Amino acid sequence: MTGLKTGHYKGAAGKAAEEAGSEGKEDMSCGWMEKKIMGYVDGRLKEGEQLEMEKHLSTCAVCQLRVNEFRAVNVLLDEVPMIEPSAAFDVRVWARVAAEPAKQSWWAWFAPSPRVAFAASMLVLAMMWLGSRPPEPSLNASEVETINQNMQVLEDYDVISDFAPLSELPQPVQADEGSDTNQNQQM
Amino acid sequence: MLDVKAGDEQSFALLLHRYRSPLINFLYRMVRNREQAEDLAQEVFIRVYRAREDYVPSAKFTTWLFRIATNLALNSVRDNRYQRMEVSLDAPVTTDAEDGDEKTLDVAEKHPNIEQHLIEEARRKMIRQAIEKLPEKQRAAVLLHKYQELDYAEISKILECSESALKSLLFRAYETLRVELAPLVAQQGK
Chain A
0 MTGLKTGHYK
10 GAAGKAAEEA
20 GSEGKEDMSC
30 GWMEKKIMGY
40 VDGRLKEGEQ
50 LEMEKHLSTC
60 AVCQLRVNEF
70 RAVNVLLDEV
80 PMIEPSAAFD
90 VRVWARVAAE
100 PAKQSWWAWF
110 APSPRVAFAA
120 SMLVLAMMWL
130 GSRPPEPSLN
140 ASEVETINQN
150 MQVLEDYDVI
160 SDFAPLSELP
170 QPVQADEGSD
180 TNQNQQM
Chain B
0 MLDVKAGDEQ
10 SFALLLHRYR
20 SPLINFLYRM
30 VRNREQAEDL
40 AQEVFIRVYR
50 AREDYVPSAK
60 FTTWLFRIAT
70 NLALNSVRDN
80 RYQRMEVSLD
90 APVTTDAEDG
100 DEKTLDVAEK
110 HPNIEQHLIE
120 EARRKMIRQA
130 IEKLPEKQRA
140 AVLLHKYQEL
150 DYAEISKILE
160 CSESALKSLL
170 FRAYETLRVE
180 LAPLVAQQGK
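Residue numbers (numbering that gives the first Met the number 0), protein chains in the order written: chain A, 0 to 186; chain B, 0 to 189.
These aren't lab readings, by the way, just hints derived from the structure by calculation. As the structure is a prediction and not an experimental result, all values here were calculated from the model. We put the CB at the ideal spot given by N, CA and C, even for glycine. Hints may be right or wrong, so weigh each one.
Reference excerpt, derived from the structure (chain A facing chain B, CB under 7 Å, subset only) [unchecked claim]:
{"#": "1", "residue": "Lys34"}
{"#": "2", "residue": "Met37"}
{"#": "3", "residue": "Val66"}
{"#": "4", "residue": "Phe69"}
{"#": "5", "residue": "Ala71"}
{"#": "6", "residue": "Leu76"}
{"#": "7", "residue": "Glu78"}
{"#": "8", "residue": "Ile82"}
{"#": "9", "residue": "Pro84"}
{"#": "10", "residue": "Val96"}
{"#": "11", "residue": "Met150"}
{"#": "12", "residue": "Val152"}
{"#": "13", "residue": "Asp155"}
Just chain A, with the same shape it has in the complex:
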């Protein structure tokens, strides 16, 4: 039978199916029944399907038994009692809601933070201060000429101050030493 895949225990419907099977009958409607039985038990089938189901059930004891057993299961499931939420449940939910950080929307990116605003204002002030300073005095033509003349001396000084052969020359005679020599000669 396509309509029964009940595993190790077949129950009353299974026994009836075995009896039907032993007679060599194979009702293809039992397969269709598997897909529709829950809807039938719930009363959620369309009118046409409902009629087709009832027609099949009137001729198939196996499926009729299964429908009855599914209905019995449905009634048994009603016996499981409901539990009540604990008294502290709402309090705990509200405490967690209160602890949730405020959600920032995308445009909050454009609202400057105090630190950024402070840094930006300091930058603007610094630029204003620099802009308000008097400009450096410009040089006249004669001063430029003087600098150009001195430039040659400065360049020479740079070369001479670090000129190695000069260090090999004898040290210049000191003025005191010269006077001592003159005294010796006089003596």
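Using the hints provided, position chain B relative to the given structure of chain A.
Relative to the frame of chain A, chain B by itself:
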């Protein structure tokens, strides 16, 4: 939910009041632990609150709510299963107070017909255990179908499967329950 999106906290309070009980019961039947079920329900509400500004009413609110709850519950069940695998077989087994004998006896003492009460309690325990034995996706399908009374389209969206696959899931779940509860089913038929 649209009022919650607009920042109305009173509407969030209404959502909390309306859905906390079905949500906690759904989660309790999924994870079989009251404390854990309440923790998960809190997490669901916080996720709803966090997502309020991005909420688009493309689906029913219940579909969205139970989708969050189902995903959390399935993850929790899987995590618990791995944790149980790590626990020593010698460790004492702890059960939820709902299933414990202590509570049963406490209530039974107040009950005028103790024998009758114990029989009823045994029936309930058998039914609860049969539900608990279902594979988690089948269990979620049965709970959403039976206790939340959601339609097939909603449940299939929550479980992220086709309606045809959902009907197959429900059929297999009811077949298993029919087998597990065979003695009670037989009594029911009489």
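Verification of the supplied hints:
no., hint, in the structure
1, Lys34, "holds (6 Å)"
2, Met37, "holds (5 Å)"
3, Val66, "violated (11 Å)"
4, Phe69, "holds (5 Å)"
5, Ala71, "holds (4 Å)"
6, Leu76, "holds (5 Å)"
7, Glu78, "holds (6 Å)"
8, Ile82, "holds (6 Å)"
9, Pro84, "holds (5 Å)"
10, Val96, "holds (6 Å)"
11, Met150, "violated (72 Å)"
12, Val152, "violated (78 Å)"
13, Asp155, "violated (79 Å)"
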